[in-house]
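Asker: Chains as they are written, first to last, in the numbering used here: chain A, 4 to 99; chain B, 3 to 226; chain C, 1104 to 1256.
Everything labelled a hint here was simulated from the structure, so no lab data went into it. Cβ coordinates follow ideal geometry from the N, Cα and C atoms, glycine included. Zero decoy hints are in this set.
With the Cβ distance kept under 8 angstroms, some of the chain B side facing chain C (calculated, not the full set):
hint	residue
1	Leu-39
2	Ala-42
3	Ala-61
4	Met-65
5	Thr-126
6	Arg-138
7	Lys-144
8	Tyr-148
9	Arg-149
10	Arg-151
11	Phe-163
12	Asp-177
The list that follows gives simulated cross-link-like pairs (lysine to aspartate or glutamate, EDC-like), each with its CA atoms no further than 16 angstroms apart:
hint	chain 1	residue 1	chain 2	residue 2
13	B	Lys-144	C	Glu-1200
14	B	Lys-144	C	Glu-1159
15	B	Lys-144	C	Asp-1162
16	B	Lys-87	B	Glu-114
17	B	Lys-50	C	Glu-1233
18	B	Lys-144	C	Glu-1164
19	C	Lys-1247	B	Glu-35
20	C	Lys-1243	B	Glu-45
21	C	Lys-1243	B	Glu-35
22	B	Lys-144	C	Glu-1161
23	A	Lys-34	A	Glu-72
24	B	Lys-166	B	Glu-155
25	A	Lys-34	A	Glu-98
26	A	Lys-34	A	Glu-91
27	B	Lys-50	C	Glu-1234
28	B	Lys-144	C	Asp-1208
29	A	Lys-12	A	Glu-72
30	A	Lys-55	C	Glu-1226
For the chain B half of the interface with chain A, some residues (derived, Cβ under 7 angstroms), not all of them:
hint	residue
31	Val-153
32	Ala-169
33	Glu-172
34	Ile-173
35	Arg-174
36	His-176
37	Asp-181
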Amino acid sequence: MSRFAPGDKVRVLADFTRPGHVRTPWYCRDKAGVVERVCGAFRNPEALAYAKDGLPELPLYRVRFAQRELWPDYRGGADDVVEIEIYEPWLLPAEA
Amino acid sequence: MHDDHTDGAHDHAHDHGARDFQPDLEDTHPFTEAQFLETALRELLIEKGVLTADELRGAIEFMDGRGAHLGAGVVARAWTDPGFKARLLADGTEAVELYGIPIRPTHLVVVENTPAVHNMIVCTLCSCYPRNLLGRPPLWYKSREYRSRAVREPRAVLEEFGTKIPADVEIRVHDSTADMRYLVLPMRPAGSERLSEAELAELVTRDAMVGVTVPRGPARATAE
Amino acid sequence: MSFAIGSLEGLPHARSLCRHIRLPGRRPGGYACAMTDKPENRRYHDMGGLPAGPIENEDHEPDLWEKRVDAMMVCLGTSAPDGKRLITVDEIRRVIEDLPPDAYDTMSYYERWVHSIATILAERGVYTPEELDAKLAEVKARSKQQAGEGAAQ
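Isolated chain A, as found in the complex (with noise of 0.2 angstroms):
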């Protein structure tokens, strides 16, 4: 059972010190954004990378964030973002 959904104001963890193998890239850490889709439940990444054999599957989403967010300085659109796979470990609600 995956714990969030689409609409779903999430935020990802701020500590990035884990060692080994990491899909959560370093510039939406502590960041806020919104759940835009659950793509299924699929094998720890972090673990097969050490041939273990990833289980349980873990919840993926997609989380859409938004450029004026991710960069202080960001010149592009108002509108514009990025959207990411993140997996649920990674994730936290985030207050409204």
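Given chain A's structure and the hints, the job is docking chains B and C onto it.
Answerer: This is chains B and C only, laid out in the frame that chain A set:
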């Protein structure tokens, strides 16, 4: 074996077969360490029964057969068949499989350009790309410059590709960080109403399906 | 969140395999690779948002050896009928991400891949580094011999 690629790439996939382990004489530069390593690795794996030369040859031929022409056919179908387009946007993999291109286990997400939204695809962490449909990604897609800047300044990147998107159009950059792979469904160019599906497909380039360009319109009719 | 990562002690020979790949004297990608305000925890491959130079709009067909590396990855990573794969793309990525920054920058895309595949298979015990070394020596000797024969013609 000659494959058609709408971006004009010419390939010549041939393998010298199981009996001939020599580095390929068509490789044009003097052999680098990495080339020696590839040869040694391949021979060792074949000797140990982990792989066969046939399997490798088959995989090369499979990837050589993938290319922009496949994606272009899907786009042209979506432009002419609203039901197909709806299925494509709802479930890209399922729609493309039904269209007749086996791409599983790829999870394909198709994102649509509209007058309000322009989509662009990148993989900042490595080079994830819808290979089973479009083939191997271009060099620039894998470059530091593209991977770094596409999420940060997409409009400047688009301008480097000669693409100007109006400021009031939303640019949506998709960072292919996990299990999804992306295809941009460009807008059908104006003036293309009378073209056949095959002619429409010729307007669709790989770069348009990655989202760094838009398809050109049809050539102007000589008699207007 | 907790997750299990494999022991990193059994990660042998990444450096010994790395020595097989002579880093070519290649111009690193167009701009200064130093990231002066890069926080410590950012991994080197994780480059989204960093400043970079103009994009070289270049593309060319991969060389045959590169296609073979690509094919190796596909074949090794394809699920066997029982669902087991010898390696995963995740492992390949992890090894590439663990490359030192200068290696990451100067090695080409497929150089990184072949290094990574070779490393992982050694980790898995498919062969020993000694076996790979021996095979490499054999391949090089053969190549030298062929070059000599070619020159003699």
